[in-house]
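Student: Chain by chain, the residues:
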Amino acid sequence: MKKQLLVAAVLAATAAMQARAGVMDDGDLSISGFGTLGVAKSNTDQAQFARYNQAEGVADKARIGLDTNLGLQATYKINDWLSGTAQVLTRKNTSTSFTTDLTWAFLKARINDETSVRVGRVVMPIFLISDYQNVGYANNMMRPPIEMYAQAPIENVDGVDINFQRAFGDFNFTTQAFVGTSRGKLFIPTGGGSVATYRAPAVGASASGEYGPFVVRVSHARADLNSDDITPINSLSSTLKTVGFAQLASDISLVQGKKIAFTAIGATMDWNNIVAQAEYAQRRAKEAVYIPDTNAWYAMVGYRVGKFLPYYSHASYRDAGHSVTLPGNFPKTGVLAATVANVLASAEQTSDLIGVRWDFAKSVALKVQVDRVKPGAKSGALIFAPAAGIKSNVTVVAAGLDFVF
Amino acid sequence: MKHLMSALALVATVAAAFTTPARAETVVIVSQKNPATRMFSEQASQFFLGKSNLFTPVDQPESSTIRADFYRKVADKDPAQVKALWSKLVFTGKATPPKEYAGNAEVKKAVAADPKAIGYIDKSAVDDTVKVILTLP
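Chains A and B supply the protein sequences, listed in that same order.
As numbered in our numbering, residues 1188 to 1592 make up the first sequence, in order.
As numbered in our numbering, residues 6 to 142 make up the second sequence, in order.
Errors might be hidden in some of the hints.
[As the list claims (entries may be wrong)] Computed cross-link-like contacts, EDC-like style, restricted to lysine to aspartate or glutamate with a CA-CA straight-line distance of at most 20 Å:
#1 Lys104(B) with Asp1267(A)
#2 Lys1228(A) with Glu1243(A)
#3 Lys1264(A) with Asp119(B)
#4 Lys1494(A) with Asp74(B)
#5 Lys121(B) with Asp1267(A)
#6 Lys1494(A) with Glu67(B)
#7 Lys1372(A) with Asp1288(A)
#8 Lys1494(A) with Asp83(B)
#9 Lys99(B) with Asp1300(A)
#10 Lys56(B) with Asp1267(A)
#11 Lys99(B) with Asp1345(A)
#12 Lys56(B) with Asp1357(A)
#13 Lys121(B) with Glu1301(A)
#14 Lys93(B) with Glu1301(A)
#15 Lys99(B) with Glu1301(A)
#16 Lys93(B) with Glu1397(A)
#17 Lys136(B) with Glu30(B)
#18 Lys1549(A) with Asp81(B)
#19 Lys99(B) with Asp1215(A)
#20 Lys104(B) with Asp1215(A)
#21 Lys121(B) with Asp1215(A)
In case anyone wonders, no lab produced these hints; they're calculated from the structure.
Produce the complete structure using the sequences and hints provided.
Tutor: Written out as structure tokens, the structure reads:
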């Protein structure tokens, strides 16, 4: 039922877009939207391929839930320097059905031509495309590379951010800093899958330089991640406590809140029909916690031929160690040792993908993408894999219609 | 819907093919009260692509030939690329796209009325209410 409703809404929105593109920007209120109507399937029923934090992915049956979404945004201009913006996004996220969340809601004050301050719920700009990762039309690839974007499933904070932009001749410098608290849900795919809630005070900054078709961006963010209902971790923690490893029990847990840092450098290029995008990021625990350190990167390159943009991308994420030190008397073998070692190790995965974007009509693009996923340790980013892990490559085929209005 | 759109696109292409030979140059204009006197096309493109807020861009209708031509000349981007770029800015609440006006006369009027505005019109539509700061070949 919900699926049908969403499809109907997307179709209605598409029709509305054709009918009045650009006309909604009338006076002080402007309403705009974006969405993707996508369908995907893989070649296996052994595991599911999902976006990060999704409670349900795709297996060998075609599903619309992987990439389909619909965002609506309203901006009201209060006066010359003050405006209010709210955005809601409907998609499949931590629930197996489509849900709608308030992704942003902020008041924006323009301090001067170069500086603005936003107060309310704002995006947490951890990675290169964090700002617009849900807007299919604004991206070349079908979805943000999970190898990179799964490292930080936190999308927004309730707080304040400041944006500064200055041009030095042809060179454009932009910087953004934010502070606030993020609240939301985390999908924990182990076992049958469960949903935990988190609270994370966070702070971060990014800087980017743009020179003609080249953009380089660096960012750093820290979050103090608190969660008291990650069931598999809490039960392991209580077992460890029972058998006399109280320090280790508290080390792995998120109940007390643990600081995690993210550092990323990314670049894009759109030069002479050559389109490229690449990014490298590190996740590092700053306090002992079960969450492993990781290094991730991807590189995409495409070549524009008229309205077609064929592209190729490679992505990878790897274990980069962990922050927990096992006590000297901790068993080296046995069930408990194996369980703890498994929890502390990161999943690893690489993937190659090819796709094509076709801007076949005004404000609408069609994309077709094939991902070849090579799961490594712990079945990579695939969810609901067999306990023994999945070692064979998984192919995911997807097609989607991206639109803005 | 799609057939209608392709038909419209075809009509537009054919119409353009028949009317282009004597097409005049496009000029970038500001208000007479704006102190700017000259500008490079790279600079002009900054305002229209949301990279600078120093001037307020005023745009031609989305489907107009002059608009497609303008973005091709100042930024080497086709309308779909410009749209994708703006959707990045719009859906992160960072900026709102340039306000659109119906044609040369309306753009000229809006630019003349606002010392911070910047627009582009057909050279033949220029009069002394606005100042030309760049001529696009």
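Student: All hints are to be evaluated individually against the structure, with a verdict given for each.
Tutor: Results of checking the hints against the structure:
For the hint pairing Lys104(B) with Asp1267(A), the CA-to-CA distance comes to about 14 Å; that is within 20 Å, so the pair holds. For the given pair, Lys1228(A) sits about 12 Å from Glu1243(A) by alpha-carbon distance, which is consistent with the 20 Å threshold. A distance of roughly 18 Å separates the Cα atoms of Lys1264(A) and Asp119(B); the hinted pair therefore holds under the 20 Å criterion. Restraint check for Lys1494(A) and Asp74(B): satisfied, since their Cα atoms lie roughly 16 Å apart, inside the 20 Å limit.
For the hint pairing Lys121(B) with Asp1267(A), the CA-to-CA distance comes to about 13 Å; that is within 20 Å, so the pair holds. For the given pair, Lys1494(A) sits about 17 Å from Glu67(B) by alpha-carbon distance, which is consistent with the 20 Å threshold. Of the pairs offered as hints, the one joining Lys1372(A) and Asp1288(A) holds, with about 11 Å between alpha carbons and a cut-off of 20 Å not exceeded. The straight-line distance between the Cα atoms of Lys1494(A) and Asp83(B) is roughly 9 Å, inside the 20 Å bound, and the hint therefore holds.
The straight-line distance between the Cα atoms of Lys99(B) and Asp1300(A) is roughly 13 Å, inside the 20 Å bound, and the hint therefore holds. For the hint pairing Lys56(B) with Asp1267(A), the CA-to-CA distance comes to about 19 Å; that is within 20 Å, so the pair holds. Between the alpha carbons of Lys99(B) and Asp1345(A) the distance comes to roughly 17 Å, so the proposed pair stays at or under 20 Å and holds. For a cut-off of 20 Å, the pair hint linking Lys56(B) to Asp1357(A) stands: about 10 Å separates their Cα positions.
The straight-line distance between the Cα atoms of Lys121(B) and Glu1301(A) is roughly 14 Å, inside the 20 Å bound, and the hint therefore holds. Under the criterion of a C-alpha separation no larger than 20 Å, the hint pairing Lys93(B) with Glu1301(A) is consistent with the structure, at around 18 Å. Between the alpha carbons of Lys99(B) and Glu1301(A) the distance comes to roughly 12 Å, so the proposed pair stays at or under 20 Å and holds. At roughly 15 Å between alpha-carbon atoms, Lys93(B) and Glu1397(A) fall within 20 Å of each other, so this suggested pair holds.
Of the pairs offered as hints, the one joining Lys136(B) and Glu30(B) holds, with about 15 Å between alpha carbons and a cut-off of 20 Å not exceeded. Between Lys1549(A) and Asp81(B) the CA atoms are separated by roughly 18 Å; this keeps the pair inside 20 Å, and the hint holds. Restraint check: the Cα-Cα separation between Lys99(B) and Asp1215(A) comes to about 16 Å, which is no more than 20 Å; the hinted pair holds. This hinted pair checks out: Lys104(B) and Asp1215(A) have alpha carbons roughly 11 Å apart, not beyond 20 Å.
A C-alpha spacing of about 19 Å is found between Lys121(B) and Asp1215(A), which places the hinted pair at or below 20 Å, so the restraint holds.
Consistency with the previously given hints is maintained throughout, with no hint failing.
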